[in-house]
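Given these sequences and hints, build the entire structure.
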Amino acid sequence: MLTDATSTIAVPSFRIAVDGREDTEGCALLALSAIHLCGTWLKSTELNVIGSSGTVVDVALEALSWDTGVAVQHWRAEDRGVIADCDLLLAVRRFSPDWDMLAHAERAGVGTIVAIQFPRLDDLSAAAFLGSVREAHDSAMLATRIEARLPGGSP
Amino acid sequence: MIPQADRVVAIVAMAQSVHAARWVAMLRNSGLRIVVVPVLSAPNSPELEPCRLVRTRSEALTLAPGEVGVFDLSAISEEKARSIDVAKGYAWPGHPAYPEHFRPVPAHSIETALRWLKPDLVHSLEVQFAGYVTLEAKRRFGSDAFPPWLLSNWGSDVMLFRKLAAHAPIIDRVFQEIDAYWSECARDIGIARDLGYGGPAFDPMPASGGMSFSGLDASLPSTRKLLLIKGYHGWSGRGHHILSSLYMAAEHLRDYQVRVMFANDATTGLLREIADRTGLDVAPEPYALQHSHAMARLSRARMVVGLGISDGISTTLLEAMAVGAFPILANSSCACEWIRSGIDGFVVDPHDTRALADAIVTAASDNAMVDAAAPRNREVIARRWNPDINGPIVLAHYDELMSGRQARIRGRAE
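These protein sequence lines map, in sequence, to chains A and B.
Everything in the first sequence is counted per the working numbering, starting at 1 for the first residue and increasing by one.
Everything in the second sequence is counted per the working numbering, starting at 1001 for the first residue and increasing by one.
For the record, the hints were derived by calculation from the structure and aren't laboratory data.
There could be a bad hint or two in this list.
Unchecked claim - Under 7 angstroms between C-beta atoms, here's a sample of chain B residues computed to sit facing chain A:
#, residue
1, Y1098
2, K1163
3, S1244
4, M1248
5, A1250
6, I1309
7, R1354
8, D1358
9, T1362
Bear in mind the structure is a predicted one, so any value in this text is a computation, not a measurement.
C-beta atoms are modelled at their ideal positions from N, C-alpha and C, and glycine is treated no differently.
Okay, here's the thing in structure tokens:
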């Protein structure tokens, strides 16, 4: 198994499912910025973007792919089953997580990075995500967490 | 030499754009007959006044000194023009800033305008609207029958759009057909060369040509308590990233009033969350209807922050530099061609909210840095964004193109 991303031997491909919503609760653009910061680690990574909010996210994905070489697959919002085929679920949201997405990941044993901005403090389930607030705003910190999950990524 | 008054320059542009109007303002007293050919159906910028509708070259030649012509689109049936575009297989590829059903003025209308005006030079201001439609007009004329064509690049025109599959092949064709290229950024000349463009590329100049400033506040930036934020969040803007940086930097910004321009409902909701959770004095700022009011507000700001995944110089940068507001922008603009990051402003990765937070904190706390930057930045603006300096440069290049001296190697205009 390869651990060095600079190796000349191809690193095994890694599939990340990304919550693609950019709206009142979805922060897909911040998640994509964190992925952007992963830079060269992304060479053999495939993004599976679920439920893109449309042009705004699609333009960001085209630019991301052009800049980093990361492969992008688009999925409709209802195609959450793809999470089971991925190695990681990445979502940045506001107020509370999407519990249904988390359930899909749990059922398939897929690792998750879910960061929440402004978690609802009157909702104990959401408040449990208080520890993720910093990385929900700090794309560099979030990128470090993503890199740690990538094949050959920093621990 | 042909007298200027016998020369017609067709400026294919968004006639409602203040940038286009300012470019035209640099030229209106040159003696050239300037006719704006609008690419969008929208009211003209008030700064285009005095202007008059014209349809033909002979009408353009009757324009009074200082008067600008605007091509009269009502002379051509839009419905018929659109059906001709369809018949000729032309379809505009869209723009992420506009709804899917939005369409600019038909290519047939632009083609007809250019046939009637018989200009000595066609200058397209901006690529995705003016450039694309001029490309189609030139295709219908035939390359050899088309006047010399100068293309100006604004903002994200090639930097971002060359990355988009629907636009990349059109941009390639544009660069095969133009006779000269004028960008805002040296960066974009490199992109044009990478795309195979081998023709003349003039020294970069701001899209708006130049601005005259007078009577604005010259107070020391360190005495100012206002932080202005550009709130655009969408296909290029990353206003919500700035809000995340403000959230992280909040404890260092207690002495400041943070105001966010262009805040939509979603952005306003986030501002409330940040205010509630951090105690920061942050709120949306009403839109300034008049440019003089916007500049007066800017001149009260200690710093201005804008962030996007692609930009040109950014007018925000130039205006901030003109009034002593410390600029913080993304490195996806060509701000680094105007300021030294960490000295005259900050230029940060648009994807790195922590780096932006650090830059904001430094600009909020380092009085000596912001005070020292202000006079240097004002001097740069007085020298490089000055209509009295840039206007004659534009006229000289126009003259070269109309005289055929800058014709491309293939010698089309000789």
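Going down the list of hints, with the structure as the test:
Using the Cβ-Cβ criterion of 7 angstroms, the hint placing Y1098 (chain B) at the interface with chain A is not satisfied: the shortest such distance is roughly 9 angstroms. With a cut of 7 angstroms, the hint placing K1163 (chain B) at the interface with chain A holds, because the nearest CB-to-CB distance is about 4 angstroms. Interface hint at S1244 (chain B): satisfied, since its Cβ lies 4 angstroms from the closest Cβ of chain A, which is below the 7 angstroms cut-off. This hint holds: M1248 (chain B) has a C-beta 6 angstroms from the nearest C-beta of chain A, less than the 7 angstroms allowed.
At its closest, the beta carbon of A1250 (chain B) sits 11 angstroms from a beta carbon of chain A; the interface hint therefore is violated under the 7 angstroms criterion. Checking I1309 (chain B) against chain A by beta carbon gives a least distance of about 6 angstroms; that is within 7 angstroms, so the hint holds. Of the supplied interface hints, the one on R1354 (chain B) holds, with its beta-carbon coming within about 4 angstroms of a beta-carbon of chain A, less than 7 angstroms. The criterion of a C-beta within 7 angstroms of any C-beta in chain A is not met by D1358 (chain B), whose closest approach is roughly 10 angstroms, and the hint is violated.
Interface hint status for T1362 (chain B): violated, as the beta-carbon distance to the closest one in chain A is roughly 16 angstroms, over 7 angstroms.
Checked against the numbered hints listed earlier, the structure breaks hints 1, 5, 8, 9; every other hint is satisfied.
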